[in-house]
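Protein chains: 2
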Amino acid sequence: MAILVTGGAGFVGMNVVEQFLNDGKHVVMFDRLELSKSASAVARPLGSRLETIVGDINDAKGIKALFKRFEIESVVHAAVVTSSVAREVREPKGIVETNVIGTVNVLSAAHAARCPRVVYLSSGQAYGKTHDERLPLFEEISPSRPDDIYGISKFAAEQIALRLGELCNLQVIGLRLGSVCGPWEFDTGVRDMLSPHLQVAQLALRGEKAIIPVTEVWRDWIYSRDVACGVAAAVRARTPGYRLYHLASGMDWQNTFATWCSMLQEAYPRFSWRFASEGESPNVSHRVQRDRSPMDISRLVNDLRYKPRFAADAAFRDYLEWIRHHESFLLETDESQRNTNDCLLPMRS
Amino acid sequence: MAILVTGGAGFVGMNVVEQFLNDGKHVVMFDRLELSKSASAVARPLGSRLETIVGDINDAKGIKALFKRFEIESVVHAAVVTSSVAREVREPKGIVETNVIGTVNVLSAAHAARCPRVVYLSSGQAYGKTHDERLPLFEEISPSRPDDIYGISKFAAEQIALRLGELCNLQVIGLRLGSVCGPWEFDTGVRDMLSPHLQVAQLALRGEKAIIPVTEVWRDWIYSRDVACGVAAAVRARTPGYRLYHLASGMDWQNTFATWCSMLQEAYPRFSWRFASEGESPNVSHRVQRDRSPMDISRLVNDLRYKPRFAADAAFRDYLEWIRHHESFLLETDESQRNTNDCLLPMRS
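Chain order of the listed sequences is F and P.
If you count the first sequence from 1, position 234 lands on 234 in this note's numbering, and the numbers rise without skipping.
If you count the second sequence from 1, position 263 lands on 263 in this note's numbering, and the numbers rise without skipping.
Note that these hints are calculated values from the structure, not bench results.
Where is the CB? At the ideal position from N, CA and C, for every residue including glycine.
Do not take every clue at face value.
Now the stretches of chain F that chain P is said to cover, found in silico as 3 or more residues with beta-carbon under 8 angstroms [claimed, not checked]:
#1 81-93
#2 98-105
The calculated BS3-like cross-link candidates involving lysine-lysine, where the alpha carbons are at most 27 angstroms apart (straight line), are [stated by the list, open to error]:
#3 P/K209 / F/K93
#4 F/K93 / P/K25
#5 F/K61 / P/K68
#6 P/K129 / F/K61
#7 P/K61 / F/K93
#8 F/K68 / P/K93
#9 F/K64 / P/K93
#10 P/K37 / F/K93
#11 F/K129 / P/K68
Which bits of chain P does chain F cover? Going by a derived footprint, with three or more residues having C-beta under 8 angstroms, they are [what the hints assert, rightly or not]:
#12 93-99
#13 279-289
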């Protein structure tokens, strides 16, 4: 019995795969990308329990074939295209196809194979415009007003997944993720919004200078290893009480970014950082213009017994340690992926 | 200069096409279906201003070609698949492809051709679950919680259309329609929810007996000719103040269905009707289980100077007159479309 992780070679997918392998599970990783060289090196010791399949989420037959070839007990559907404004204009259809049609493909295949559980990784972006007052959002109660094609497609895919679950007697759990940073983040070519944490880490590794925005946009940050724990909890839950859960840290990371920059500077003395002066463009950006309201996580905590482990400080310490051991991964993806992937966009500022 | 009406051979599309032809406009009707024989007979006198093109909304190239072949000044995008539960389970992908990807195709082609205006026909189903208290819904203020694949796909397509309009400098207007009945309704094979008004009309024409539900599900009924007027107002508006409008009658049609049945019985004496007894299954259904809240139409009335002309009584008189002149259309589609279209589903009760 194996767990299928779609988008498994991507940022969140890698964390999920690693978590399951560490838990002793068999994992089928499905992705349009090959596992990068350094990621393969890390996965090798666990390799006998990891199958990597390169394929496209839009290929319904290919997805169906996975369920014939492997005995899949659960699916974590993480395959997705995030989007900058440039991508929205250039390839709206590609975003919708991967995010929505891809999800229908996965659900249909799971249903046909009578796979009992699908965990769909949704996003806080499904809420769209949220209040500046930072009032917490609650699942089902807070309305969704997604306002970009990414958010619209995530909301649609999540709701279709839940609806098909209901109609097809398939246990579907939707997890709305906060903004993620941490291990395995890299530029896959379909992630237009890299975290500022990764952006400065890349500058640090190259010994460059970071100019960061003075005002920190409020985000519901969650450390990627905590995401993996939350996903594992959703896969494990025998009788989940709900179909939709927030997956965020539940902690306030506001104004911690300078701390991260300082920690990097200590570890990489050739790197330096400062706040942008008035009128100056930062070379690190939050990629988003707006604050978001925090997502309440009591449902996940109480019902799925998830406990976030990483406040900002702990996350940064752990991430720095991880970076030190994975410099080649960051540099490798920073260079090769960037140059080989023609989908890659200029960063959104 | 012509107006392109996608889904133009369908129920709402035909009303829109007829309205524009009567207004002296040139119309390009795009549909996957040929115009039916009797509809063609009606359209013939206006024929020199009507081009009918058979094609698929999922064929992006075909859509683009339309804009090359004709000089399109506005698009009314009405092509859609409505859905019963059976279709949701059987072909979720088909619903999403036609409703969402099809919309992206139309918007992309309009953008490429610098067509200035696209009117997207959305649906009150985009709201999903609304309160039973019948509190009115207001555009943007009332949250959308679509709960079936049709509603989810309509909401997604509408929001993507508005978003692309904003990004691509294209005037996109979304109209959320109430439940429509009236002229040109027929079973296209992709309309799983025929109005009860058409269902009894078909029984009346065949001289059969109608057994109708005792309780009338509350719906925001609007007469199809009023829909066409509202659409024309949206196409015409020089500087619309909003991007999203409700298009409903703004009138309460509750408990008028028996009146319609009685009018039919008077006109077709071989037909009779009665309420279902306790435990008896009606042979006419509302196809929906739930009441919906009414959509407030003041935005449309005040900003686009739309004035609904048909309260229930006036609508029924007009529809009866129309039916008398189009019996062959109703019988033709009732028989031939039903048997030739393999998508056709048993009616949802």
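**Asked** Looking at the structure, which of the earlier hints fail to hold?
**Response** As far as the earlier hints go, 3, 4, 5, 6, 10, 11, 13 are violated by this structure, in ascending order.
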